[in-house]
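End of the sequence shown sits at 617 in the numbering used here; the numbers just go up one at a time, nothing left out.
Because the hints were derived from the structure by calculation, they are not lab data. Do not take every clue at face value.
Said to hold, decoys possible - Using 35 Å as the maximum straight-line C-alpha spacing, the simulated DSBU-like pairs for lysine-lysine come out as follows:
| # | residue 1 | residue 2 |
| --- | --- | --- |
| 1 | Lys-577 | Lys-556 |
| 2 | Lys-577 | Lys-502 |
| 3 | Lys-556 | Lys-522 |
| 4 | Lys-577 | Lys-486 |
As the list claims (entries may be wrong) - Simulated DEER-style distance windows between Cβ atoms:
| # | residue 1 | residue 2 | range |
| --- | --- | --- | --- |
| 5 | Lys-502 | Val-548 | 21 to 31 Å |
| 6 | Asp-539 | Met-477 | 54 to 64 Å |
| 7 | Glu-506 | Arg-550 | 35 to 45 Å |
Glycine included, C-beta positions come from ideal geometry on N, C-alpha and C.
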Amino acid sequence: MAKSQKKGGNDQEKSRDPYMPFNFIVEIKGITVGGFSEVQGLSSKLELEEYVEGGMNHRVHRFPKYVDSPNLVLVRGLAERDDLWKWYQDVTRGKVELKNATIILKDSQQSDAIAWRISKAYPVAWEGPQLNASTGTEVAFERMELVHRGIYEQKVQKNK
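Between the sequences and the hints, there should be enough to build the whole structure, so can you do that?
Dropping the structure here:
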């Protein structure tokens with residue numbers, strides 16, 4: 458048993474435990490999105506410009522160009538709520554509405570631990586469930602892919 462999980466461990470020790478990846482919520486402005494089972498694409502990468510300097514044959518200079526982030530992929534069980542589907546349909550008809558989103562990771566006490574703000578997102582792909590009658594106990598999942606203009610860490614209010 459980890460030190461922080463023992464009885465009598467102080468709060469400072471508990472905060473050292475890693476956060477569990479299944480304990481999160483997704484908020485999208487103007488849309489009550491419900492529970493998601495998976496979020497992919499919380500990443501970014503600095504793209505580099507390479508410059509070969511004349512006479513410097515032993516190295517290549519690398520300079521930062523821009524930050525690239527993959528599309529955010531949200532997966533959830535298919536339900537009656539169709540607000541994400543309507544948002545996607547609006548985009549396919551040329552009515553692109555940019556919305557900010559927030560992914561909030563919770564700690565073991567269900568308090569907000571870390572949050573990421575997704576800037577000016579809109580849906581670019583939707584995938585419906587794989588329908589198969591032989592898997593009678595599985596949940597039907599839908600997958601929504603959002604393009605965005607950046608991922609930023611957002612400060613969270615710690616409850617004391």
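- Query: Among all the numbered hints in the text so far, which are the ones the structure does not match?
  - Reply: Failing hint: just 6.
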